[in-house]
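Chemist: Assemble the whole structure, with the sequences as input and the hints as a guide.
Respectively, the protein sequence lines represent chains R and P. The first sequence begins at 1 in my numbering and counts up by one. The second sequence begins at 1001 in my numbering and counts up by one.
Hints in this document: simulated from the structure, not taken from any laboratory. Treat each hint with caution, since some may be false.
[What the hints assert, rightly or not] Pulled a few chain R residues facing chain P out of the computed Cβ check, cut under 10 Å:
#1 R107
#2 L294
#3 D342
Only a predicted model underlies this, so the values are computations on that prediction, with no experimental measurement involved. Glycine included, every Cβ here is placed at the ideal spot set by N, Cα and C.
The primary structure of each chain is shown beneath.
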Amino acid sequence: MIAELLERKAVCICAGPGGVGKTTTSASIAVGMAARGKKVAVLTIDPARRLADSLGLPELGNEERRVEIDVPGELWAMMLDPKRTFDQLIEWHAPDEETRDAVLGNRIYKQLSSAVAGSQEYMAMEKLLELHQEGRYDLLVLDTPPTRSALDFLDTPRRLGAFIDSRSLRLFTAPGRLGLNLVGRGTSAAFSMLGKAAGIDLLADLSEFFRSFGDMAGGFRERAERVNQLLADRHTAFLVVTSPRPDAIDEAMYLHHRLLDAGLPFGGVVVNRVHPVEARATARGLAEVLGSELAGRVEANLEDYKRLAEHERRDLEGLRRRLGRRPMIQVPELEDEVHDIDSLRRVEQHLFGSGGTG
Amino acid sequence: MSVLDKRLVVVTGKGGVGKTTVAAALAVLAVRQGKRVILCDPSDGSRLRMLAAGVPVCSIDPDRAKSEWLGRQLRSGTLAGILGRSSLFQLLTAAAPGLSELVTIGKVWDLARPDAARYDLAILDGPPTGQGLALLTSPRSYANLARTGPIHHQALEVDAFLRDRALTAVLGVALPEEMPVNETVELARRLGDGGLALDAVVVNGLHPERFTKDEARRIAKLDGRVSPGARAALDLAHFEYGRARRQCTELRRIRRSLEAPVSTLPFLFEPVLGPAQIELLSRALERLS
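Modeler: If you want it as structure tokens, here you go:
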């Protein structure tokens, strides 16, 4: 199922709520497509080192690394360092060394590039675009970073685009003390109050940041537009990854809805860690071979899992109805945690159909 | 749980570990102990309202909190109003690093500080680990950025409140699985680096140890002597044995790796949908305290 879905795609973006196994799914998809002869790179964001965990590698740098695996294609992986990616972008866009150093050394920039929510997502998109333009891979798989609401990353290019929009920047780049004197009278009074409240050097830092950044705004805006084009391209597919927990299903439905609303190419849903119970499962006859006490515990366990499976089945049915003809692929809870290539290949078998319920 | 004796509990942890469930269960437990409790939610608060019936929920919208806070800083509603409508101000606050985090935690602080005296305890259903850390450290970062003025002073005040372990507790939520445990250990380390501390951990979703090693071996050896239906039931029993064992290993590991006390909550074989399950979990937390 996944194989057909991604056959003609150049980019696959895995999105979903936190803790549902996005990284595992991304890595398994990459393994699966590499096993089908593709040259694949899988990208994730640094902090939790989760991809390295999943691939059984000690660590990955800000560059792609080839993963040793016996497949017809090639598997590459990279763990993205958002701060370094941001720095590289500044180096590209800066018109001269002086501007580059002014931006890289600015306190506001340092915070923006490392700590501000949204910049990580934006940098993931940037790297995706960069690798896509270089064209060295058949398929790029992006594991989106964990955010409180799984949708933040969709708004990021737009938000950052508006943030660095040159029209707003002009207010800051105008000559004069703090560059704020072009603003209306009421606002400038308020700003002078704010200056006192906020600490004047914060405004000075901001003003300097925008002044240096102003020259680069055009370049950044153009990149943001290209990122948006890539996300909407017909060779891109968004996969929503979720789990059978009710709140995760709700988020998956909402994300599906938002993707369609935004006109982005929705591919399907992957549901991880499902607990299917065979309909024929029964504890009947076990008392004779195990004794009634142990057989009773086996039965209690079976009843618990039946109850869990029934809840999951009902909740997932609602999601399936929403999706219409789009696929919903279920991956059962596995015996072991997924942290090496072998277990990724077991997940891959479920995802790609041999053993899955697709 | 002793964290309920503080003024503020900040709940954080890896995505999907049950932070909201634990925050709701804690709140219900504190109410039962006679405390006036408020739950704080940086998102819309709808799930907390559904789970913790009867506990007031304050949902914090960063944009609104920003203009409220600014109004107080400038001591003028009119000026704050002008600023709030100014697109330049929008730009400025979007750019001022950490301001969103600062006003969010500032709002929580406002509800929790002893001199406000409206509540005995505020519980923040916080964002995932990384963002949770950003929230806790934002007052200090901001105080360093804005080195003078009232914002600087208030940021320092909030910072001191968060660092006072008699007033604020950081509660980590984890699952007894490898990656959530790693993330919690990492959280403790990074809190320590920032001069903060992890005060308690709740490990959520612990499966019962239903079968011993010998029983699991007997169950596995029955192959061929039972019907396919019974085989499926036995497979599930064996699966559950393996899961409980792996969880037990992870639970030992998190206890070994952390100084903070670690409590557990049982795995429920039904989704946590409402007050009934939260009541159950709050009783489980009570037995531990």
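Chemist: Hint by hint, say whether it matches the structure.
Modeler: Against the structure, the hints come out as follows:
The restraint placing R:R107 at the interface with chain P holds, with a minimum CB-CB distance near 6 Å, inside the 10 Å limit. The interface hint given for R:L294 holds, since its Cβ lies 6 Å from the closest Cβ of chain P, which is under the 10 Å cut-off. Contact between R:D342 and chain P, as hinted, is not supported at the beta carbon level, the nearest pair being about 15 Å apart and thus beyond 10 Å.
Checked against the numbered hints listed earlier, the structure breaks hint 3 alone; every other hint is satisfied.
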